[in-house]
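With these hints in hand, go ahead and build the complete structure from the sequences.
Read top to bottom, the protein sequences are chains V and C.
Mapping the first sequence onto our numbering, position 168 (from 1) lands on 378, and the numbers just tick up by one.
Mapping the second sequence onto our numbering, position 336 (from 1) lands on 1522, and the numbers just tick up by one.
Misleading hints may appear alongside valid ones.
[Stated by the list, open to error] Here are some, though not all, of the chain C residues that point toward chain V, as calculated from beta-carbon distances under 7 Å:
#1 Leu1354
#2 Pro1419
#3 His1477
#4 Cys1480
The set of hints was computed from the structure by calculation and includes no laboratory data.
All residues carry an ideal CB built from backbone N, CA and C; glycine is no exception.
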Amino acid sequence: VSRVTERSTITAVLRRIDLKVRFNQTLHHLSVATCLVLGALLVIEVAPLLVPVSVPPVSLIVMAGSAAFLAFLIWSQVGGWRLEHAAGVADQRADLHDEIKSAYWFIRQDDSSPWVDLLVGRAAQTARRLDPRRLVPVTIPKRFGLALLLFGVLQVMALVPSGGPLLKFAAASDSTRFEQAREAYADEIRDLIDGEGDELLDEDALALFETALGELEAAETSFDDLLRDLRDAQDALGEGNLEMTATRDALEELLQQFAGSKELGEFVDDMMNQNLSDAAERLRDLSDRLGDLAPQDLAELGDRLQDASQVDEPVIDELLAALQEVADAIAEDRLDDAKEALERVAAALGEIAQLQARQEANNEASDVAEAMQEALAQQPGGSPEQDQGQRTQSQSASGERSDASSPSDEVTRSEDVSSGARAQTGPAGNATGDPSGNPLELGASTTLEAQLALELIDGKTPAFAEEEPELDAEDLFQEASRQQTSIVQYRDVRAPSQYSQGSALNAERIPWQYRSLVKKYFLAIRPDERK
Amino acid sequence: MTTTQLDSLDGLDSQVSEFTEQFQRVKDEIGRVIVGNDEIIDGTLISLLSKGHVLLEGIPGIGKTKIVATVADVLHLTFSRIQFTPDLMPGDIVGSDVVHESDTGEKHLTFQRGPIFTHILLADEINRATPKTQSALLEAMQERSVTVGTTTHRLPPPFFVLATQNPLEMEGTYPLPEAQLDRFFYKLKIQYPEAHHMHEIMDRTTRREEPEAGMVLDRDQILVMRDTARSVPIARAVQDYAIRLTLATHPDTPHAHPLTQRYARFGASPRGTQTLVIGGKVNALLNGRVHVSCEDIRAFMLPALRHRVLLNFEGEAERIDTDMILEAIMKDTPEPSE
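Below you can see the structure in the form of structure tokens.
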């Protein structure tokens, strides 16, 4: 009975100690969790003041922290009593020299012998003297002070009006600038499409603009891609310029035939002023007045038209054919046919006018695209990271010289500009532009294939090339040995060396003053085994 | 002390008290002759009570032989001293068969016991004898018996060997082989006495009469104390601590200490762990406890393991002291439940 009582006494005391230990541990964990949550809240409060970031709501942080702490608390309490640990704590804090720990181990083993009973009996007496409250006092972690401080800071920060980010880090600034530029370019392309309308713009260019706009709105493109799209669109828009120029040249050639004509004077003036629509109206008026013309005027008109229709300009062949019909009809006195043919001439001229208007619209869009390309060329590369890398490259290219005030400052600055231009437009090997600052045109990368071959002198291969082609390491080693550069291989030397080392160390006493020397010697001849 | 008394808790309590008291009396009596050297005296007595043997290492003239002789006097045990020399033969230690002529004129062989047949044997400068002679001690130290020819002679308990060796003069010596070193319970290093101890030594030894130690314990009391020491229980956690300390001296085990991995060739044998545990039990009793603590295990770890850890080439070349490695192991090996 006495033995059972002593054992239960020890167990009861250990349980009380365990409760105290757990309570203190819970306070410790609570302090850590509180500091973590308050720290996270502080970061959430401070971060928007420093950088433009979106932060999760405070309630979410508090709830997540509480849930995590509860889960950890439950997990830490799973497993029941930890009396062995409590025994260790009691021994350590009461300086009991492992008495309680030993006694508890024998209690758990249910071991019984006179010596064990004596040990347990003594431990029970010691345990009765232990006061768990004094042994494991409730300790308020100092970390709660930190938590209080964090809470105070949060309260103070709640009183401070938030005026947006106080600081802009380089990366955040670059990101913002990138987004703003992206939106600006999207607006510009949108205005271009909406302003010029689907009717005037080239279909291919319009498709490219719409693709670029979609990518910009979806933020799926980089400035490099946008630059490429704009260049393609510009190419598509400029395709009609050649035809328009040829048409203008042909019309000028045509007008020379009408010079001095009485009835076509106003028509010529409008044509000279590039008012093709008005010129077409003049022809329609002339068609209405054709019956009222005097015979000699009509004949002179027919001659002029006949001469004009003979001009060799395939670009305006439809117009020339219509003029030929008018001239023929006038010559054959078929005024109704002449009127009808003159209407076709006016219609053909109207079509040319419309084509020219579309091309001019295309040219205007092309000018806008070119302006955007220039702006993009001045813009850092496709992403903030790329921009950072390019600036680093530019800085490394210019070095510290740009900051130094030296007599060669002007030269240094010009070098910086050129290197900056290279950095903004991509790899230097692909840049084929003007280094003075004009927009650069990027060409495709080139590959130069070359094959090295031995030069044949008088049709013979050089002597050194006819020697042994290739020797690997082993062959070289063997070759050196054959040439008696090395007589005995290292691997053959190593075993005797180990034997010598062992015999030297084990069979003989090495005087202290020589030991370091001996050690250095053996370490020198077996470098691979040194730790 | 009867069996009934031993079984009763009160009897055990008094047995523990008596153990501590007797040990203290022996120490006090030795202290009348020997100045200082408490650790050496404690180690020697603990080895005696643990059925072990001691290797004393120290420079000449600092009282190695005096300590052993005083211990023998205090314990009232028979004492023999063998001065080991290169020409010492095994027969000089264990004895030999000699022709004996009776009164009737008959001659027969009689075993003449050597000096090893004693309770306390001082093997002075043991490393000066040849390995063959040194090995004559092996069986006696481990088996506590001597075999001559076909006859095995039991040595009278307690049999306790105290060997000394000089660490300075290494010429003409034969370092003890590892197998024999392992048979020593403790290797104790006697340091040169401090100044205040030197005064005390001068005061005691330069007078007309030198102090003499009286008998405190007899043979039977020592045997009872030996039984008592081995009865002390040890918890598994503490025993595990002793094992971990030992394993930390092995360079090729996962428990190896970094210094061991770098400087040690071999670690302590299981005998080393036995030494830690048994020595810990005696130390616990000396502190009035009936359980072994981690502190008891650590108390005599240096003398228990310093001769059982063998240095490698780098350790020898760097003049690493095994005590330094063991102290690092003690410092870095956590106690259970820490």
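Going down the list of hints, with the structure as the test:
1. Leu1354: violated (11 Å)
2. Pro1419: Holds: closest Cβ of chain V sits about 5 Å from C/Pro1419, inside 7 Å.
3. His1477: holds (4 Å)
4. Cys1480: holds (6 Å)
Comparing the model with each numbered hint stated earlier shows that hint 1 is the single one that does not hold.
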